[in-house]
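Colleague: Sequence:
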Amino acid sequence: MSRDTAPPAAAAPAEASPGLRGRLHGFVDDLGALKHPLFRRYWFGSLGAVAGTQFIILATGWLVVDGLGGSPRDLGYVGAATAAPTIAVNLFGGVLADRMDRRVLLIVTSAVTGVLVGLLAVLDATGAVEIWHVVAISAALGLVYGVDWPVRNAFFPQLIDEEQMISAVALNSVMWQATRIVSPAIAGIAIALFGTAFVFAASAACFGVMVVVLLALRVERAVTGPRSAMVRELFEGVAFIVRERLFAALMLVTYTTTFFAMSYIFLMPLMADELEIGAASFGFMLSAIGVGAVSGTVLSFRLQRVAGLGPMMLTASFGSSLFVFLFAWSPVYALSVALVYCAGITNSIFLITSMTVMQLRVPEELRGRVMGIHAITFSLISLGGLVGGFIADAFGIRVAIAFGACVLACVALAVALTQPEVRRIRSHAATPNA
Numbered sequence: 003m004s005r006d007t008a009p010p011a012a013a014a015p016a017e018a019s020p021g022l023r024g025r026l027h028g029f030v031d032d033l034g035a036l037k038h039p040l041f042r043r044y045w046f047g048s049l050g051a052v053a054g055t056q057f058i059i060l061a062t063g064w065l066v067v068d069g070l071g072g073s074p075r076d077l078g079y080v081g082a083a084t085a086a087p088t089i090a091v092n093l094f095g096g097v098l099a100d101r102m103d104r105r106v107l108l109i110v111t112s113a114v115t116g117v118l119v120g121l122l123a124v125l126d127a128t129g130a131v132e133i134w135h136v137v138a139i140s141a142a143l144g145l146v147y148g149v150d151w152p153v154r155n156a157f158f159p160q161l162i163d164e165e166q167m168i169s170a171v172a173l174n175s176v177m178w179q180a181t182r183i184v185s186p187a188i189a190g191i192a193i194a195l196f197g198t199a200f201v202f203a204a205s206a207a208c209f210g211v212m213v214v215v216l217l218a219l220r221v222e223r224a225v226t227g228p229r230s231a232m233v234r235e236l237f238e239g240v241a242f243i244v245r246e247r248l249f250a251a252l253m254l255v256t257y258t259t260t261f262f263a264m265s266y267i268f269l270m271p272l273m274a275d276e277l278e279i280g281a282a283s284f285g286f287m288l289s290a291i292g293v294g295a296v297s298g299t300v301l302s303f304r305l306q307r308v309a310g311l312g313p314m315m316l317t318a319s320f321g322s323s324l325f326v327f328l329f330a331w332s333p334v335y336a337l338s339v340a341l342v343y344c345a346g347i348t349n350s351i352f353l354i355t356s357m358t359v360m361q362l363r364v365p366e367e368l369r370g371r372v373m374g375i376h377a378i379t380f381s382l383i384s385l386g387g388l389v390g391g392f393i394a395d396a397f398g399i400r401v402a403i404a405f406g407a408c409v410l411a412c413v414a415l416a417v418a419l420t421q422p423e424v425r426r427i428r429s430h431a432a433t434p435n436a
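Residues 3 to 436 in the numbering used here are what the sequence shown lists, from first letter to last.
Be aware that one or more of the hints could be misleading.
As the list claims (entries may be wrong) - Cross-link-like lysine to aspartate or glutamate pairs, in silico, EDC-like; alpha carbons within 16 angstroms at most:
| id | residue 1 | residue 2 |
| --- | --- | --- |
| 1 | LYS37 | GLU165 |
| 2 | LYS37 | GLU132 |
| 3 | LYS37 | GLU164 |
Think of the hints as simulated: they come from the structure by calculation, not from any bench.
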């Protein structure tokens, strides 16, 4: 081969290599928060704790219905026993997050959760467990979650640089959504092989690992403002949200999303009957929601860097309501799966983007209280399902799901038309006029 013809042959790999490296560097940048050792250790520890939380949800329901012969009403009592205390304590949990060392608080909440779940494992393994035990322990867990969730949302920004906030928020969402897909399958197999007591014990062990991870972290305590009475500090957080129209608008759309539009998740068994599908198909349809949420999380990495972030965020919210509305009237299974997948994508984009906006703009001394108010979001899903159930009893399941979607569409449209603060968000920096 001549020297004149050799270079072109060698040039192709040389051209391909930088492109591949560029794509890899772009991927690493998207996961940039994991480059911080403190956040990386915290994230992997939290991954186990979140999986443990998913184990609790599945194993508790199975124990009540299958192991103890409980009724649907008993299952509802367990759900309410968790959700009501969580909502009641969320606000004061945020105050504690602004008053105390957040790392220490997380150590305490993780340890107490592990002990409570371990107690349930012992009661279950010895055959002494009764439904009232499950309700009481669920209520205690709800109180702990009320402190734990706002503290977690206020704590992780201490572990990263501000420019990694988008990555950190999205990674936290990936953690929740991925475990929602994988954990039920793992727990289901474990229940079939070893029973619910084993799953409860595994969950307790996961929270034990979280405690060990937190003990090993060395984090400077966040700067806090002057202390006053807890109720007064709580109202300072509420007043900030009311005063800052951007926060008020995003909280309104977020609450509406979870209470109304996402209530269809709890009504899915009724929709499965409407579509005349079996258990396997029902499970796949539920998984489609989680897969869509993960897909939306991945898309949010890129979308938060484009101009017109505010309009995009509201478009995603409106799109979510549209997909849920169409799902309510879907006549066939395949179309229903596609629609809930799309609803999962658009819903995830809105929730992650709005959370990032708030995390970047909230003052550090108010972060715990504001995130405590935001944390109510997660408990509103089950309460919205309860309201949706009453509507379904009166008018049918399809009307109940469509109603929730319409409420979200109206709120998203109202915010888009009346709140220029949201429309003016222009970049991933999450600041107006950026």
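Colleague: Next, verify each hint and record whether it holds.
Modeller: Against the structure, the hints come out as follows:
Distance restraint check for LYS37 and GLU165: the Cα-Cα separation of roughly 12 angstroms lies within the 16 angstroms cut-off, and the hinted pair is therefore satisfied. In summary, the hint linking LYS37 to GLU132 is not supported, as the alpha carbons are separated by about 46 angstroms, beyond the 16 angstroms threshold. Distance restraint check for LYS37 and GLU164: the Cα-Cα separation of roughly 13 angstroms lies within the 16 angstroms cut-off, and the hinted pair is therefore satisfied.
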